[in-house]
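*Asks:* Protein sequences, first through last, are from chains A and B. In this note's numbering, each residue's number is its place in the first sequence (first place is 1) plus 17. In this note's numbering, each residue's number is its place in the second sequence (first place is 1) plus 8.
Hints are supplied without guarantee of correctness; some may be wrong.
Selected chain A positions facing chain B (in silico; Cβ < 10 Å) [claimed, not checked]:
(1) Gly-135
(2) Gln-136
(3) Gln-138
(4) Ala-139
(5) Met-143
(6) Ser-146
(7) Tyr-147
(8) Val-154
(9) Arg-161
(10) Pro-165
(11) Thr-169
(12) Tyr-182
(13) Gly-185
(14) Ser-226
(15) Arg-230
(16) Tyr-232
Okay, derived cross-link-like pairs now, DSBU-like style, lysine-lysine, Cα gap no bigger than 35 Å in a straight line [claimed, not checked]:
(17) B:Lys-63 / A:Lys-29
(18) B:Lys-104 / A:Lys-133
(19) B:Lys-104 / B:Lys-82
(20) B:Lys-63 / B:Lys-34
(21) B:Lys-246 / A:Lys-133
These aren't lab readings, by the way, just hints derived from the structure by calculation. C-beta atoms are modelled at their ideal positions from N, C-alpha and C, and glycine is treated no differently.
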Amino acid sequence: MGFDVGVLLQHKELLFQGLIVSFQLTLSAIVGGMLIGTCLAMMRMSRIWIVSALAGGYVNFLRSLPLILVIFWFYVLTPKIVGHPIDAYSSVLIAFILFEAAYYCEIIRAGISSVKRGQVQAGLAMGFSYLSVMRYVILPQALRNMLPVLLTQAIIMFQDTSIVYVVGVRDFLTTADVVANSTNRPIELYTMVAITYLVICFAASQLVSRLQRRYAL
Amino acid sequence: MIEMRHVSKWYNVFRVLDDCSLTISKGEVVVICGPSGSGKSTLIKCMNGLEAFQKGEVFVDGISVGARSTNLPKLRSRIGMVFQNFELFPHMNVLKNIALPQIKILNRSRAEAEARAEKLLARMGLKAQAEKFPAQLSGGQQQRVAIARALAMDPVAMLFDEPTSALDPEMINEVLDVMVALAQDGMTMAVVTHEMGFARRVANRVVFMDQGAIVEDAAKEEFFGTPRSDRAQQFLSKILTH
Chain A
18 MGFDVGVLLQ HKELLFQGLI VSFQLTLSAI VGGMLIGTCL AMMRMSRIWI VSALAGGYVN
78 FLRSLPLILV IFWFYVLTPK IVGHPIDAYS SVLIAFILFE AAYYCEIIRA GISSVKRGQV
138 QAGLAMGFSY LSVMRYVILP QALRNMLPVL LTQAIIMFQD TSIVYVVGVR DFLTTADVVA
198 NSTNRPIELY TMVAITYLVI CFAASQLVSR LQRRYAL
Chain B
9 MIEMRHVSKW YNVFRVLDDC SLTISKGEVV VICGPSGSGK STLIKCMNGL EAFQKGEVFV
69 DGISVGARST NLPKLRSRIG MVFQNFELFP HMNVLKNIAL PQIKILNRSR AEAEARAEKL
129 LARMGLKAQA EKFPAQLSGG QQQRVAIARA LAMDPVAMLF DEPTSALDPE MINEVLDVMV
189 ALAQDGMTMA VVTHEMGFAR RVANRVVFMD QGAIVEDAAK EEFFGTPRSD RAQQFLSKIL
249 TH
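Chain A with its partners taken away, still in its complex shape (with noise of 0.2 Å):
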């Protein structure tokens, strides 16, 4: 038998799409999440109790389910909500959106308690709006300091996408898998899946340690 590594370039095409497929759903779930979360972030950080209470319960509910069962769950509730058919990917999507959105709403939360208080006041009292204060002065810096946190996540996110695989999602491990049963050649298809994520990953998280030390403030 031996390890064949034609089986791979013969069908390189094909789980460089998945690839793709795999970075787009972790983008776009990171994009999504970060403004949803820092809206409920926002939120949850209000002094009227109603709002906190709704964002806060969102957060704690999301938090307590397995993310493999929000994504069977929007994959059979979107389609009776949107009231037609939609295809896998696009449920997964919302899946993922709406579930980091609960973890980036923590981080940016902890991030914002993290700035100095007087930050706030100082802000307010050049002539500010609040909002003004948030956007200008407390997110940069709020960003800085959960930068390493909020990047740590987008690996774990990144890993985490190859859960659609049970909706059948095309992603890179997806792909491997089918290519792997049509040609018969698991081994040397998931190797190959285990060595891209390792370099993948691991890049990934040199360049939050360097980043970390560059905009450490």
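Position chain B against the provided structure of chain A, taking the given hints into account.
*Replies:* Then chain B, alone, in the frame of chain A:
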């Protein structure tokens, strides 16, 4: 310029400010002193609405600070404030610290804002520090940048909340000198400080607070000559002995 009428403030049942009335006329320098916890900082933070109060009225340049209809950000942009811990924005360099509020709040062009910032930095003797970040400066330098940042907004009055308390002794004078020059230029100032030397040099009036109340409000000569209240006498004897 600044007028407080019978202002009271409570944290739950604890009364932080007790019926405080105070008037600061245009061009006047008023030093507010008193033991810690007497409500000095809270008092001046009521002047720009950073602290809310439950009773009484505060007017700055004829505008009510407590009224719901008041555009507080706009009012605050006309009152400069300097804090004990400087509170420069650590993620921006010195120039941007001074320029950004002018650009975002006063809608000045970037060139105009930076020119104004550079002029003020030169006046503070900090021209060479423009590109540095706050963490690279000494405390005294940071506080002078903070003063420049406030002045760049062309305020009608300046509030100082213990501006030298967090400084090493050798840096206190460089900040006080800037404040003295400002006072001599005719700036309206409310200064919470224990620096009685500063009060002697430039204050018009000295206000002494204790337990949330204004115990004494006297012309400088009168205050340092013979303070009327026992509490102020004790306080002065404690801080002036060394």
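*Asks:* Hints first: check each against the structure and report whether it holds.
*Replies:* Hints, verified against the model:
1. Taking 10 Å as the C-beta cut-off, the interface hint given for A:Gly-135 holds, the closest approach to chain B being about 5 Å.
2. Evaluation of the A:Gln-136 hint against chain B yields a held restraint, the C-beta minimum of about 6 Å falling below 10 Å.
3. Among the interface hints, the one on A:Gln-138 holds; its C-beta lies about 6 Å from the nearest C-beta in chain B, closer than the 10 Å criterion.
4. For A:Ala-139, the interface hint holds, the least distance from its beta-carbon to any beta-carbon of chain B being 4 Å, beneath 10 Å.
5. The beta carbon of A:Met-143 comes within 5 Å of a beta carbon in chain B, closer than 10 Å, and the hint placing it at the interface holds.
6. A hinted interface residue such as A:Ser-146 counts as satisfied when its beta carbon comes closer than 10 Å to some beta carbon of chain B; here the least separation is about 5 Å, so the hint holds.
7. Residue-level restraint check for A:Tyr-147 holds (minimum Cβ-Cβ distance to chain B is 9 Å; threshold 10 Å).
8. Interface hint at A:Val-154: satisfied, since its Cβ lies 6 Å from the closest Cβ of chain B, which is below the 10 Å cut-off.
9. Hint status for A:Arg-161 relative to chain B: holds, with the closest Cβ pair at about 6 Å, below 10 Å.
10. Because the closest C-beta pair between A:Pro-165 and chain B is about 16 Å apart, greater than 10 Å, the hint is violated.
11. The beta carbon of A:Thr-169 comes no nearer than 21 Å to any beta carbon in chain B, farther than 10 Å, and the hint placing it at the interface is violated.
12. Interface restraint check for A:Tyr-182: the shortest CB-CB distance to chain B comes to about 41 Å, outside 10 Å, so the restraint is violated.
13. Hint status for A:Gly-185 relative to chain B: violated, with the closest Cβ pair at about 45 Å, above 10 Å.
14. Contact between A:Ser-226 and chain B, as hinted, is not supported at the beta carbon level, the nearest pair being about 20 Å apart and thus beyond 10 Å.
15. With a cut of 10 Å, the hint placing A:Arg-230 at the interface with chain B is violated, because the nearest CB-to-CB distance is about 15 Å.
16. Taking 10 Å as the C-beta contact cut-off toward chain B, the hint placing A:Tyr-232 at the interface holds, the least distance being around 9 Å.
17. The hinted pair formed by B:Lys-63 and A:Lys-29 fails the criterion: a straight-line CA distance of about 75 Å is larger than 35 Å.
18. Between the alpha carbons of B:Lys-104 and A:Lys-133 the distance comes to roughly 19 Å, so the proposed pair stays at or under 35 Å and holds.
19. A hinted pair counts as satisfied when its Cα atoms are at most 35 Å apart, and B:Lys-104 with B:Lys-82 qualifies at roughly 21 Å.
20. Straight-line distance between C-alpha atoms of B:Lys-63 and B:Lys-34 comes to about 25 Å, which keeps the hinted pair within the 35 Å bound.
21. Between B:Lys-246 and A:Lys-133 the alpha-carbon distance is near 33 Å, which keeps this suggested pair within the 35 Å criterion.
Checked against the numbered hints above, the structure breaks hints 10, 11, 12, 13, 14, 15 and 17 and satisfies the rest.
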